[in-house]
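Student: So in our numbering, spot 4 of the sequence shown is number 761, and the numbers just go up one at a time.
No lab work stands behind these hints: they were computed from the structure. The structure presented is a predicted model; accordingly, all values stated were derived computationally and were not measured. We treat Cβ as the ideally placed atom computed from N, Cα and C, and that holds for glycine. Just so you know, not all the hints are guaranteed correct.
Said to hold, decoys possible - As a list, the in silico DSS-like pairs of lysine-lysine whose alpha-carbon atoms are at most 30 Å apart:
(1) Lys-779 / Lys-816
(2) Lys-816 / Lys-804
(3) Lys-804 / Lys-819
(4) Lys-819 / Lys-779
As the list claims (entries may be wrong) - Distance ranges between label pairs, derived from CB positions:
(5) Arg-806 / Asp-768: 17 to 25 Å
(6) Thr-805 / Gln-827: 17 to 25 Å
(7) Lys-819 / Asp-797: 29 to 37 Å
(8) Trp-770 / Glu-813: 15 to 23 Å
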Amino acid sequence: MGDGWLRNPADGWTYRFHRDEKSWLRDPRVFVDMGRGMPDGSPALLKTRQHLRRDEAEKFWKNLLSYGWQRVPAVWGPDAEF
Numbered sequence: 758m759g760d761g762w763l764r765n766p767a768d769g770w771t772y773r774f775h776r777d778e779k780s781w782l783r784d785p786r787v788f789v790d791m792g793r794g795m796p797d798g799s800p801a802l803l804k805t806r807q808h809l810r811r812d813e814a815e816k817f818w819k820n821l822l823s824y825g826w827q828r829v830p831a832v833w834g835p836d837a838e839f
């Protein structure tokens, strides 16, 4: 599992799923950040961060997709396009 982004089309909230590199080899874990990109290029509004086991993060991802969340490119950070 690499980095991934899911956005709720109804309200614009976004989840970013990204590896915790420090734990990946011995006990794979994923950071799941919820936030919203800011339109003027300001730093993102980050609301929550979860630290989940890889299997839990994959279930969460699939669950969000089943509720209509959509895959999107990076919304904030160095990979985001403004």
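Student: Quick one, are Lys-779 and Lys-816 close enough, alpha carbons at most 30 Å?
Tutor: holds (22 Å)
Student: Do the alpha carbons of Lys-804 and Lys-819 lie within 30 Å of each other, as the hint requires?
Tutor: Since the Cα atoms of Lys-804 and Lys-819 sit roughly 21 Å apart, the hinted pair holds (cutoff 30 Å).
Student: Do Trp-770 and Glu-813 keep their Cβ atoms within the hinted range of 15 to 23 Å?
Tutor: Since the Cβ atoms of Trp-770 and Glu-813 sit about 20 Å apart, the hinted range of 15 to 23 Å holds.
Student: Below or equal to 30 Å on CA atoms is what counts here, so check Lys-819 against Lys-779.
Tutor: holds (24 Å)
Student: Is it true that the CA of Lys-816 sits at most 30 Å from the CA of Lys-804?
Tutor: holds (21 Å)
Student: Check the following: the C-beta atoms of Thr-805 and Gln-827 are separated by a distance inside 17 to 25 Å.
Tutor: holds (20 Å)
Student: Using the C-beta atoms of Lys-819 and Asp-797, is the stated range 29 to 37 Å upheld?
Tutor: Holds, at about 33 Å.
Student: Range hint 17 to 25 Å: satisfied by the CB atoms of Arg-806 and Asp-768?
Tutor: Given about 19 Å between the Cβ atoms, the range holds.
In the structure shown, no violation is registered for any of the earlier numbered hints.
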